[in-house]
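Engineer: Sequence:
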Amino acid sequence: MKKPAGFAGSHNLTSIVSKEESNLSYFLDFFFAAFFLAAFFFAAFFLATIVIVLIF
Numbered sequence: 001m002k003k004p005a006g007f008a009g010s011h012n013l014t015s016i017v018s019k020e021e022s023n024l025s026y027f028l029d030f031f032f033a034a035f036f037l038a039a040f041f042f043a044a045f046f047l048a049t050i051v052i053v054l055i056f
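Under the UniProt record's numbering, the residues of the sequence shown are numbered 1 to 56, in order.
There could be a bad hint or two in this list.
[Said to hold, decoys possible] Taking CB as the label site, the calculated pair distances span:
#, residue 1, residue 2, range
1, F30, I52, 30 to 38 Å
2, S25, I55, 39 to 47 Å
3, Y26, F46, 27 to 35 Å
4, L24, L54, 38 to 46 Å
5, V53, S22, 40 to 48 Å
6, F27, F56, 41 to 49 Å
7, N23, F56, 45 to 53 Å
8, S22, I55, 48 to 56 Å
9, A48, L28, 26 to 34 Å
10, F27, V51, 31 to 39 Å
11, F45, N23, 31 to 39 Å
12, F56, S25, 43 to 51 Å
Read the hints as simulated data drawn from the structure, not as lab findings.
Bear in mind the structure is a predicted one, so any value in this text is a computation, not a measurement.
All C-beta atoms, glycine included, are put in the ideal place defined by N, C-alpha and C.
Kindly generate the complete structure, drawing on both the sequences and the hints.
Structural biologist: Structure below.
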């Protein structure tokens with residue numbers, strides 16, 4: 001896959017800035033992935049608890 005011109009152009013900046021931006025991007029991706037995963041498991045556990053309470 002070819003990278004967009006804007007993304008490739010951003011690497012022409014200083015290496016410090018691009019490195020900080022990439023680290024922040026990875027951190028945000030990891031944070032959102034962990035957040036949605038936790039929200040999904042919480043919702044599944046919550047629904048399972050309601051179903052069990054209704055059955056019994």
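Engineer: Hints numbered earlier in the text: which of these fail when held up against the supplied structure?
Structural biologist: Of the numbered hints, all hold.
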